[in-house]
Amino acid sequence: MIEPAVAVRPLRPSDLVRVAGGGLRTRKIRAALSALGIAIGVAAIVAVLGLSASSEAGLLAEIDRLGTNLLTVTNGQTLFGQTAELPKEAPARIGRISAVTEVQYTGSVGASVYRSQFIPSIDTNAISVRAASLDLLPVVGTSVAHGGYLNAASAAEPVAVLGAAAGQRLGIDRVFPGERVRLGGQWFYVVGILNPAVLAPEIDSSVLIGFPAAETFLGFDGHPSTIYVRSQTDQVAGVQSLLGRAANPEAPNQVNVSQPSAALVARAAAQSALNTLFLGLGAVALLVGGIGVANIMVIAVLERRSEIGLRRALGATRGHIRIQFLTEAIMLALVGGTVGVSMGAIATALYATVRDWPVVIPPPAWAGGLAAAVLIGAVAGLLPALRAARMSPTEALWSV
Amino acid sequence: MTDPADARHIAYGPPTAVLELESVTRVYSSEPQVTALRGVSLTVREGELVAVVGPSGSGKTTLLHLMGTLDRPSSGTVRITGVDTRRMSDRQLSALRATSIGFIFQQFFLAEHSRVLDNVADGLLYAGVGLDERRERAVEALRLVGLGERWQARPTQLSGGQRQRVAIARALVGEPAIVLADEPTGNLDSATGESILNLIHELNTRGTTILVITHDQGIASRMPRQISMLDGRIVADSSGDVATTRGDAGSRADGSSRGEVLLPWELRR
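Each protein sequence line maps, in turn, to chains A and B.
Under the working numbering, the first sequence has 358 at position 358, and the numbering climbs by one with no breaks.
Under the working numbering, the second sequence has 164 at position 164, and the numbering climbs by one with no breaks.
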């Protein structure tokens with residue numbers, strides 16, 4: 001007997017997509033609902049990753065704008081735990097380091113500020129008073145919001161400039177002639193209010209006065225307590241190592257040197273730790289979506305016995321049936337995944353735009369979301385596909 | 001496209017056998033065991049139009065399963081176009097169905113969301129034919145059943161008779177060696193059923209080999225050859241004007257089946 005040469009042909013990819021897509025089109029609402037589960041899971045994951053990346057990028061952009069070359073020198077402590085003082089010559093000595101481009105400083109004045117003389121003295125609002133040098137603002141990366149800043153003339157007069165937070169706490173949001181605050185038992189006229197200083201938050205909660213005024217009216221000794229140093233960007237590390245010795249050659253260990261931007265970068269990285277929780281929630285949603293897909297596929301196999309039987313009669317092998325149902329499940333999950341990625345991206349874009357962050361959707365987020373969706377579809381569709389393939393064509397066709 | 005009927009007239013000698021059953025038995029291993037077919041032997045030759053008739057439970061549906069290679073016999077041989085199906089794998093049987101056997105069902109089994117054209121084209125899906133050619137051939141098959149104009153319609157927009165015509169076109173589109181029809185008029189009113197039977201006759205005169213399974217003696221009597229079944233056996237096989245070859249088949253069958261098959265000349269009084 002001649003052995004038959006009957007060729008079994010796999011479906012072309014385009015036919016496979018047509019056949020599997022046809023299965024989805026016949027049950028649009030149910031397919032859409034089960035894809036929605038996947039979509040929500042993927043959207044949650046993409047949005048969480050996108051938002052955290054965007055907020056980090058926003059913070060880093062802000063830091064970049066303010067400059068990473070700001071170093072601060074503050075007075076440390078003596079061996080005996082007392083507050084050490086920076087020498088008066090420290091700013092000038094630091095200014096002589098060749099890579100240093102700008103030096104400005106403030107000195108802590110031990111006084112409190114009140115809105116008027118009727119405020120109880122314990123209600124200090126945690127506002128400190130600082131004597132400030134005249135070109136401080138650009139160095140700490142802030143500017144005047146209302147009014148003006150100290151100048152050579154006003155620095156010797158009883159006038160004050162309010163930090164952003166200090167102004168809020170005192171209840172002063174604009175500057176007009178005659179506006180004054182009670183500072184160290186005397187009236188100081190308010191000439192300006194500052195914008196927030198991201199790199200030097202201590203300025204925000206301060207009221208700034210001139211060094212000569214502090215000495216004249218409040219008996220301040222003129223010692224700087226914080227020195228703000230801008231260096232050439234490529235020399236930051238070198239300058240940082242020199243600052244202690246330059247500020248106080250006799251006791252360099254009594255000087256604290258720090259780089260505020262480094263702390264902010266660390267904070268940006270730390271924020272993403274919270275995301276684990278939301279990623280977990282997204283994963284749960286994805287799992288539930290996968291169960292939804294598995295559910296619709298199991299039902300589809302039961303409902304479509306006659307279709308399976310017909311296809312077997314038309315010459316489909318078990319493999320043809322298996323791949324059809326598997327492809328259908330994967331396509332369903334892929335549709336959900338694509339919708340989810342778009343939803344997550346749109347949510348990220350909207351929120352980032354509102355917050356003025358750059359929109360960043362990291363490739364691992366959307367690629368990972370899609371890959372997870374496809375994987376879940378494949379796993380969810382496997383068992384129903386095997387069941388469909390195992391179905392006997394005669395039972396499938398004649399027991400409806 | 002050349003008319004297959006012409007080709008048949010040109011070919012000399014006895015028409016080739018497209019379907020041969022040799023002492024086929026099918027036992028269902030349920031509790032209790034059911035023997036649906038008991039040593040059935042029959043041959044269908046190219047160009048024949050055969051009715052298999054019998055009451056329900058006579059084994060005609062099981063016979064259809066085996067002839068369509070949707071099921072395997074417990075013993076005996078099924079040959080399609082001379083090819084022994086006994087040693088073929090499930091995959092090979094599927095490919096054989098894709099190329100050599102067409103099915104027509106009582107319930108039509110059309111995909112309601114696909115166009116008529118694509119329903120018919122799906123008849124070639126597993127034969128490895130590309131989409132464009134599938135559609136071209138589907139249009140031709142639709143023209144053959146008188147629905148050339150309705151190729152864009154959905155099955156839900158068609159009457160029952162038109163739906164069955166679509167299903168018939170799907171069975172014909174691959175130009176199979178044999179078309180097996182299971183109660184093709186079972187879901188239709190008598191007038192529509194009549195037109196479907198006329199179509200089947202017309203397709204047969206154009207060269208298609210068709211075997212119709214029916215419980216309706218009236219339908220069977222209009223077919224050139226009728227095979228009557230009862231209790232899993234063929235009790236009568238009346239050949240009409242088609243060249244009879246029963247002597248052949250009888251001599252090939254072994255002794256046991258010889259007793260169960262009544263040859264045509266034994267039936268004629």
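Source of the hints: derived by calculation from the structure; they are not laboratory data.
Bear in mind the structure is a predicted one, so any value in this text is a computation, not a measurement.
No residue lacks a Cβ here, since even glycine has one placed at the ideal position from N, Cα and C.
You may find that some hints are simply not true.
Here are some chain B residues the structure puts well away from chain A; computed CB gaps all over 12 Å [claimed, not checked]:
1. Glu31
2. Thr99
3. Asp118
4. Gly218
5. Ala236
Okay, the calculated bits of chain B under chain A, using three or more residues with CB under 8 Å as the criterion [to be verified]:
6. 55 to 68
7. 135 to 144
Results for each hint:
No Cβ of chain A approaches the Cβ of B:Glu31 within 12 Å, the least distance being about 17 Å, so the stated non-interface status holds. At roughly 7 Å from the closest C-beta of chain A, the C-beta of B:Thr99 falls inside 12 Å, breaking its exclusion from the interface. Residue-level check failed: B:Asp118 sits 8 Å from the nearest beta carbon of chain A, not beyond 12 Å. The Cβ of B:Gly218 sits about 23 Å from the closest Cβ of chain A, beyond the 12 Å cut-off, so the non-interface label holds.
The beta carbon of B:Ala236 is kept farther than 12 Å from every beta carbon of chain A, the shortest such distance being approximately 25 Å. Three residues within the 8 Å Cβ limit are the bar, and the segment 55 to 68 of chain B against chain A gives 3, so the coverage statement holds. Taking a C-beta to C-beta cut-off of 8 Å, the segment 135 to 144 of chain B contributes 0 residues in contact with chain A, too few for the three needed, and the coverage statement is violated.
In this structure, the earlier hints numbered 2, 3 and 7 are contradicted, and the remaining ones agree with it.
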